[in-house]
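Undergrad: Chains S and L supply the protein sequences, listed in that same order. Residues 10 to 269 in our numbering are what the first sequence lists, from first letter to last. Residues 81 to 437 in our numbering are what the second sequence lists, from first letter to last.
Warning: the hint list may mix true and false statements.
Claimed, not checked - Below, a list of computed lysine-lysine pairs in the DSS-like style, where the Cα atoms sit at most 25 Å apart:
hint, chain 1, residue 1, chain 2, residue 2
1, S, K164, L, K210
2, S, K101, L, K92
3, L, K335, L, K379
4, L, K134, S, K101
5, S, K99, L, K372
6, L, K335, S, K164
Unchecked claim - To be clear about the criterion: a stretch of chain S counts as covered by chain L if any three or more of its residues have a C-beta under 8 Å from a C-beta of chain L, and this derived list gives those stretches:
hint, region
7, 160-166
8, 183-195
Said to hold, decoys possible - From the derived model, a few chain S residues whose C-beta atoms are all more than 10 Å from chain L:
hint, residue
9, F23
10, A157
11, I215
In short, the hints are calculated from the structure, not lab data. Positions of the beta carbon are idealized from the N, C-alpha and C atoms, including for glycine.
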Amino acid sequence: MKKIFSWFYTAVMFIFLYAPIAVLMAMAFNESQYNALPFKFSMRWFEALSKNTKLLDATMNSIYLAAITGVICVVLATALMLGNRETSSKIKALVNSTVVLPLTIPWIIMGLSLLLLLRALGLDRNFVMLLIGHVVISLPYAVLIISARMQDMDKSIEEASYSLGANEWTTFYRIIFPMISPAMLAGGFMAFMVSFDNFVLSYFLIPTGTTTLPIEIYSSIKFGFTPEINAISTIILVLSLTIISIIAAIMGSSLKNLIR
Amino acid sequence: MAFLSIKNLTKKYDGITVLDNISLDIEKGSFLSLLGPSGCGKTTTLRLLAGFEKCDGGTIEVNGKIINDIPVYNRNFGMVFQSYALFPHMTVEQNIAYGLEQRKMSKKDIKEEVAKAIEMVKLTGFEKRKPKQMSGGQQQRVALARALVIKPDLLLLDESLSALDKKLRVEMQVELRQIQKKVGITTIFVTHDQEEALTLSDKIAVMKAGKIMQIGTPEEIYETPSSTFVASFLGQANFFRGSIEEKSGDIYTLKLSDNNTMKFRSHEDLKIGELRSLTIRPEKIEISSNEKELSIKGKVLFVTYVGDTSVYRIESMGQEVLVKRQNSGNDEKFNIGDTVYLSWKPENNLVLDWDGE
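Could you build all of it, start to finish, from the sequences and the hints given here?
TA: Below, the structure is given as structure tokens:
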């Protein structure tokens, strides 16, 4: 009885979490323009999507922005955490809490304050400020993942490298990098995802005339929603699931190699 | 001139002195142990020597050249860590080759040297293994091979055997000493294990609270400790603490804190009123049922049979006295409650300073 209940509970949880996504994906293959039933299989929305340059451009903009954000976050987080280990415990605590602080600041306030900053500087909304905003909100995720890995690392492994005659640079690319690269990959992907689906900050900071996918989806809800949105969402979901699986596989095997 | 010379080395962490003006000389090819309880500064000394940390005063000289400002990677010292610190993503071969690659040796030479090193530590057949696929003892040997293959000027061992179980540790001690003798490398070994220090070292430096208490051969340290700390840290010792009360010729009377008095013979010139600790090793005490000259009376509290020896706990002079006796098979036996007399040769009692504590 207890077992049946726990299975039931798990099933309900899964339906609750994944049913909306399943519906969204199914409707991408439905002929009806208004997501109406009965279900009739059709690829027409994917076809329409391939001609919808506005939506495709927005998607490319989002990928472009998220990719740059991901790379910047990984580099910053790695450098910061490497440097932070050498400092005193006071500075360490200060850096650790400051860097994750943006997690607690609502994005809407972050967006507003960056916009006000632009006004104060007398600048128009621009791509650099948009990127800065995305980096600020994504960085904590990259930092948390990368620093967790670094804390597990035995400092004497690095010291062994130095004692064998390797300088800082050699030690980094031959010893530290191979040990933290799975975390760098995971941290980078996490930052990518945070940036990719961020709407609030982009809405405040996006330069006039350009758009990102979340903004495009939002405005299409206001001005006539077509299942092309379902189609692009399906493609993105499949792509990101694939990437996650690949990363999990890489991390799994390299973690197995690292854990004694 | 000593090969390695440490002069007035001082190190502070957040204002707390952890190394206080340490000076130390080491001959080329010798094996020195830094022995002491945790927090005595022995590991700090090693880390300063390796170059992982900067000192706050003093100098480290190798062959008369000050090396304080030479970075770790240019010092050419081999180090074996307590955790072994093998590179987890590299095979045994790659781990050992790493140091040689930094020295820009040809691929062919590296291969030869690595093979030799693997043979020396008896790990032939394990070349392609990763560290986590090996036992603690094997990892330890990889770490040793990795440190030795670069032909370092100095080998530093940081509690390198303490992670192993007892049996393996004794085996590794013998192997380590054989390899060290064969290669002829100057070695500094940090340990808190007195037995290990006695077995391995040419010289031992006993440390306490950032200071070196005594340096000498294992025999010197054991037989003639300079303080009660050294005497109690290496092996066991009985201490009779009190003030010198009377002197007649070379016989002194010691008044213990609970007003017991005992007489002993010493060739040292002691002054009346001095606070001293009469120190005798358990195996130097003779036990007998007859009173002898200058013997002290006691009562057997407990006897422990340990195969080749018997250990007696005896109540005497208001304290517990430990006596160790070889079991030769035909000597007199004593039982709990027996009245006995303890005596020792005057050259076997040490009169050490006592701070009154």
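Undergrad: Hint by hint, note whether the structure agrees.
TA: Each hint, compared with the structure:
no., hint, verdict
1, S:K164 with L:K210, "holds (19 Å)"
2, S:K101 with L:K92, "holds (20 Å)"
3, L:K335 with L:K379, "holds (20 Å)"
4, L:K134 with S:K101, "holds (20 Å)"
5, S:K99 with L:K372, "violated (67 Å)"
6, L:K335 with S:K164, "violated (54 Å)"
7, 160-166, "holds (count 3)"
8, 183-195, "holds (count 4)"
9, F23, "holds (36 Å)"
10, A157, "holds (17 Å)"
11, I215, "holds (43 Å)"
Checked against the numbered hints above, the structure violates hints 5, 6; every other hint is satisfied.
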